[in-house]
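Chains as they are written, first to last, in this note's numbering: chain A, 1 to 109; chain B, 1 to 223.
FYI, nobody ran anything at the bench for these hints, they're computed from the structure.
Take every hint as true, because none was put in to throw you off.
Derived DEER-like restraints, expressed as beta-carbon distance ranges:
hint: 1; chain 1: A; residue 1: Y71; chain 2: B; residue 2: V183; range: 49 to 55 angstroms
hint: 2; chain 1: B; residue 1: R166; chain 2: A; residue 2: S88; range: 16 to 22 angstroms
hint: 3; chain 1: B; residue 1: L208; chain 2: A; residue 2: I101; range: 43 to 49 angstroms
Some residues of chain B that are not near chain A, with every Cβ distance over 12 angstroms (derived):
hint: 4; residue: D49
hint: 5; residue: S66
hint: 6; residue: L178
hint: 7; residue: R221
Source: prediction; values computed, not measured.
Even for Gly, the Cβ is constructed at its ideal location relative to N, Cα and C.
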Amino acid sequence: MTAETEPAHPVTGLDDVVHQRVRLGILTIAHEARRVEFGYLRGQLQLTAGNLSQHLGVLETAGLIEVEKGYEGRRGRTWITLTAAGRSALAEEIGRLKLLIARVETAEG
Amino acid sequence: MTTDAVPGDPRRLLSEVRDLAHRVRRDQRVTWVALLVLAVVTFAAIPFDWFGMEVRCAPTGECEFSRDGVLYYWPPALLMAYAAIAYAYRRVARSRGVEARVLPYAITGAALILVFLAAWVAVRVYLADNPPPAEPLAYGWMVLDRLVAPWGIIGVALLVLARLERNTGLLLFTLGYLAVVLVPIDFGWQAHQSVPAEFVPQQVINGLVLLLGAAGFALARRR
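Here chain A stands alone, though its shape is the one from the complex (with noise of 0.2 angstroms):
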């Protein structure tokens, strides 16, 4: 007779780079369109340029997302784009909230 293992909770498998609410918010956004700009992100999320400037370096070391900067005329601007880790890390953050959420409601039930 074999002991059943009983599978690993959600939680564990949750990666801390993407598990905060700012970050899951970037690659969410970064994951809707082809490019996004700064000042979008900052729109959007509602926050100062150096919180979003922390938040964006975190995830370029990461390798989630990449960050270009250029010009519109005399206008700086910087765009961000999300990298092919950053789709997967995304989606394999939600899918652990789902379970999260899965496994709330059948311990609720």
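Given chain A's structure and the hints, the job is docking chain B onto it.
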């Protein structure tokens, strides 16, 4: 959103993610521009079809016609329309701070023009060696003929745009438009018209549906 770590309620977090995704999708849409451009192209096609049509009538009253105006007008007109739509999407979305994924729509539209041309050539090749099929044509053939015609391929490409934008409103509108194109509205006007005039009402209806759609989506955007 705050910079706090994720609180314990994953439901709330997922709902925030969905809300954000919905807002970004909405900010990329310029659906009314696409429909307006297609409506303009549809209305502009009418004189090309009328004056470009070759009609040969036998003394018995039977007429043969060839809609060369459709062949020469639509491919370049649709190519320009898709280029204009892609440009407008890019420009408007960029001004809002997002870059839309509109290229697959423009590419599908261009590919469908090739389908229309291939169907046209296939019919010409067939008719060169075979007698015209007996009238009326089977219903399925008529629907297929309308689907690969320019008005039909506009609808098929719009389905792709609805999928790209995850735009349920556009999907429902396109299904309605395709229904009008594939099952034409006929109040008996065909029996009393000359051959070129027979095709005008349906083209006006197709153009009006697109124009009303453009107005509807523009109004919805303003709200």
